[in-house]
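**Q** Chain residues, written in single-letter form:
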Amino acid sequence: MSAIEKVLIARDKDRPKITDYIDNLFTDFFEQKGDFLGKEDGSIYGGIALFHGRPVTVLGHRKGKTVEENMACNFGMPGPEGYRKALRIMKQAEKFNRPIITFVDTPGAYPGLEAEMYGQAQAIAANLAEMSALKVPVITIVTGEGSSGGALGIAVANKVYMLENAIYSVLSPEGFASILWHDSARRDEAAEVMKLTAKDLYGFGVIDGIISEDDLMAAVDVQIKSALKELDKLSGQELADARYDKFRYFDEALLATENQKEMEVV
Amino acid sequence: MISIVDRRKSKFNRYKDLRENPTELLEPAIKPVKEYDAFDRIEDIADEGTFEQFEFDFPETNPLDFDGYVEKKESLRGENGCHDAIITGTCEIDGWPAVIAVMNKKFMMASMGMELGETLCKALEYANENHLPFIVFTASGGARMQEGILSLMQMAKTSAVVKRFKDDGGLYITVLTHPTTGGVSASFATLGDITLAEPKALIGFAGPRVIEQTIGQKLPEGFQRAEFLQEHGFVDKIVRREDMKEQLAKLLRLHGNVYSRR
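Chains F and Z, in that order, are what the protein sequence lines are.
Counted from 1, the first sequence has number 207 at position 207 by my numbering; the numbering is strictly sequential.
Counted from 1, the second sequence has number 60 at position 60 by my numbering; the numbering is strictly sequential.
The following block holds chain Z by itself, in its conformation from the complex (with noise of 0.2 angstroms):
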């Protein structure tokens, strides 16, 4: 048996063996954003030629009239292939179909506004209409502050929603990849029945730097990163991203009894 003592050294340990070996912080999920997008993570993921992409209908939306908002989606939207940060839609995975959600971290950081908020909400009613599982890989830095209090409602609009997709019977999978905070964090991310996270991925709800400047002191190394919240009980399991496609095919496959096979 394992005492308290010991325990508490062994936690000790590993974080400082992460001190220790820094590189392992910045393997594989902390790669520059430009190297894996929404679009890679779709190809991964979905059986090749099942994806197919939601499109809804969105006017420009600039609540507060912020300088140079729209101009800025404006020309983020060219370079991306994609009308906000988020890409919905639906697909096979190993022959299991669900709809899936992917931020795009490329556009704004995939922070969150009206038009995130509502094309989740909407694939997730899709999802519940058509009694399929819902997977959400989840990257934001926070609510959308150019849309200021309506990024905010954002939080409990996409809660709800999630919430009545779940009493519904409906399998709800998050994961949750580098970076998830703020605002994301806080809401449809940390809901799922089933949470994944990839490694070294950090999530959290305020920003590091901010605990730093409030608490004063240093974080410690692996501080908010996938592993201390498995540690803490808020992560089910870490998967590589070589690995994801067939995690997420094996637990569509335990769901079977919900959901069949096409």
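Chain F with its partners taken away, still in its complex shape (with noise of 0.2 angstroms):
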């Protein structure tokens, strides 16, 4: 399949939601809307809810299913206020030790007026900042599509998973395209280029696994259920340390110069 096969697939209208997931694999749900700054901002959805039986924080963006969701939802483009409501949730499971759950499906964070005027910028580094340091084990599932800092935002996990379909890259196949060769068309071609499929990152050292879609919920459960398994060893600092290296020296092996890597042969 080529890559802008997975990029149409990755932004399938009927693809599974947020709101599935969380049908299919969670209980008692209990959605916790604000920012608790002034805003509500209904493209990140999440709140409480038990994983078999366990009390976790789930949240993730939210596209919309019907054409009303769609619109009250931004298409899935957080303002910062989406950001900050998530950062919120995420402290209070960090309080509670909860483990937290995200589910990445956006196609990036809104470019608008109001967005910019009340700090997108601001808002999105924070989270990166504070999300790197939390104490609760915390898993991403990228199922759609993982669109520029708008998707990075609610994803620095100890485990970051791709849906085999899914794609993760540092801006649309389209922005790319534009910016690179002023020239929005040559989309097909970016996609490739832009290596953005699971396989991709996979091999880049970015993502931890990759989940097959062939029976999806029982799938996506089961990597839940294991990476927690193996996060739940760690103490509250271990799992901060532990995320912290995996976002500080993801890249060290692509760094490294001839002589460091003859360094550490010997």
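By construction, these hints were calculated from the structure, which means they are not laboratory data.
For glycine and all other residues, C-beta sits at the position ideal for the given N, C-alpha and C.
It is possible that part of the hints are untrue.
Stated by the list, open to error - Partial list, computed: chain Z residues near chain F (C-beta under 8 angstroms):
| id | residue |
| --- | --- |
| 1 | 61 |
| 2 | 63 |
| 3 | 66 |
| 4 | 121 |
| 5 | 150 |
| 6 | 151 |
| 7 | 159 |
| 8 | 162 |
| 9 | 186 |
| 10 | 190 |
| 11 | 206 |
| 12 | 219 |
| 13 | 224 |
Work from the hints to combine the two standalone chains into their complex.
**A** Shown next as structure tokens:
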């Protein structure tokens, strides 16, 4: 399958949404709204739920299923209030020692006037910094489109997985083609060049695993369970340190000079 | 007491003034890049003869095998005297020791790839180990597209390292210069203990053209400029270039209980 075909599948409006994952994998979901700084953002959906009887905090981008829902969720493109809401409930999860599970599916953070006015950049940066030090397990699953800082803003996790047809990239292929070649029509070519498929990212060491979509819900369930089992062995500080090291050193091998590589061998 | 209506009116007038005096928007932060580069900046900030540049060893990186990327970097290195788009090192500012990082927008608009992210992190770690304050002058078009997902991940990497530096007690000052956008604005640029900005600098996550296309309307004059950000609560102080050294020295002095003068 070509990269652009993956992009189109990842964006398919009939692909399972965060509400499907919550309905199928969790029970007793209690939604939490609002950033408690003056705003609510429907493009981030989250709250407390039970995962096999265990309290967890679950959240993610919400695109919506109907046109009305799409509009209410701004097609899954959060403003700063969405990132602040996410951070609020993640900090709460840390307080009550609940693991955090995030689902990523966004075309990107919303490029709007109000979003800029209220600090889109600062809100995403704060999430990146704060998530890196959370003392509870954090698991991220990229289910559809993981585009740009808008995706990363809820994806600084101990374990990051992608569904086999999900994509994760610095920007949309259209945006990439437009910036580098001044021609957004070259998106198919861009998708290929960008290396944005699950396989590509696994190859770079940016993600921890690829989830098969054959029996999707069951596969996601198994992956979360096994990740939790592994992460439960670590203390709060060890979880934070492991996450820090993961993001600090993920590109260490790519940045090693020939000399440094030889030293390693010796 | 000023009423809400009055306040709104005064805000409107301020933007109107900017519209009527477009030349204000051009001075002084937005002079052509050529006129003021990263080395000019260091010369203006560091006490004479005190700047010592960090030199890190990096391999040539081209993770997407992007056509022409390596050649482009090679040609820019000759012109600019730096290996990628950031210069870091130690210096003294009015006698106060600090680590400084200056982004060089002549080098691919100072977009952030692996080497830039790693250089910033190593400089922060040096400052942390040696108990020095850290000052970064940001300017960037955002993530380095040519490095794909690996450039996006630099946002998480640099933000984590900045947080650790700050949590360990380090003073982290950011100076936002024209332009600071995209992945750099949404990571280490907006995490300062103290955030300064140069007058009229463009600072934002999304570029103005993208926003205009998205919302289908013209943006107001002054939108995403330093003054606009300050008005909305994201900048401590706007500092003109000629006052920058004095203000930074003052900030270091005000943290004199944490850092001592050499």
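**Q** Grab the minimum C-beta distance from residue 186 of chain Z to chain F and call the hint holds if it beats 8 angstroms, violated otherwise.
**A** 4 angstroms, holds
**Q** Given residue 66 of chain Z as an interface hint, is its Cβ closer than 8 angstroms to any Cβ of chain F?
**A** Given a least distance of 7 angstroms, the restraint on residue 66 of chain Z holds.
**Q** Grab the minimum C-beta distance from residue 61 of chain Z to chain F and call the hint holds if it beats 8 angstroms, violated otherwise.
**A** 6 angstroms, holds
**Q** Would the hint on residue 150 of chain Z be counted as holding, given a Cβ-Cβ threshold of 8 angstroms to chain F?
**A** 6 angstroms, holds
**Q** Close enough to count: is the Cβ of residue 190 of chain Z nearer than 8 angstroms to one in chain F?
**A** Check passed: Cβ of residue 190 of chain Z comes within 4 angstroms of chain F, closer than 8 angstroms.
**Q** Given residue 162 of chain Z as an interface hint, is its Cβ closer than 8 angstroms to any Cβ of chain F?
**A** OK, holds: residue 162 of chain Z within 8 angstroms of chain F, min 6 angstroms.
**Q** Can the hint on residue 63 of chain Z be confirmed by a CB-to-CB distance to chain F that is less than 8 angstroms?
**A** With Cβ-Cβ at 6 angstroms, under 8 angstroms, it holds.
**Q** With a cut-off of 8 angstroms on the beta carbons, see whether residue 159 of chain Z makes it to chain F.
**A** With Cβ-Cβ at 4 angstroms, under 8 angstroms, it holds.
**Q** Using Cβ atoms only, decide whether residue 151 of chain Z comes closer than 8 angstroms to chain F, and label the hint accordingly.
**A** 5 angstroms, holds
**Q** Was the hint right that residue 224 of chain Z lines chain F, CB cutoff 8 angstroms?
**A** 6 angstroms, holds
**Q** Hint check: is the beta carbon of residue 121 of chain Z less than 8 angstroms from a beta carbon of chain F?
**A** Where the cut-off is 8 angstroms and the nearest Cβ of chain F is about 7 angstroms from residue 121 of chain Z, the hint holds.
**Q** Quick check on the hint: residue 219 of chain Z CB to chain F CB, less than 8 angstroms?
**A** Result: holds, 7 angstroms to nearest chain F Cβ.
Checked against the numbered hints listed earlier, the structure breaks none of them; every hint is satisfied.
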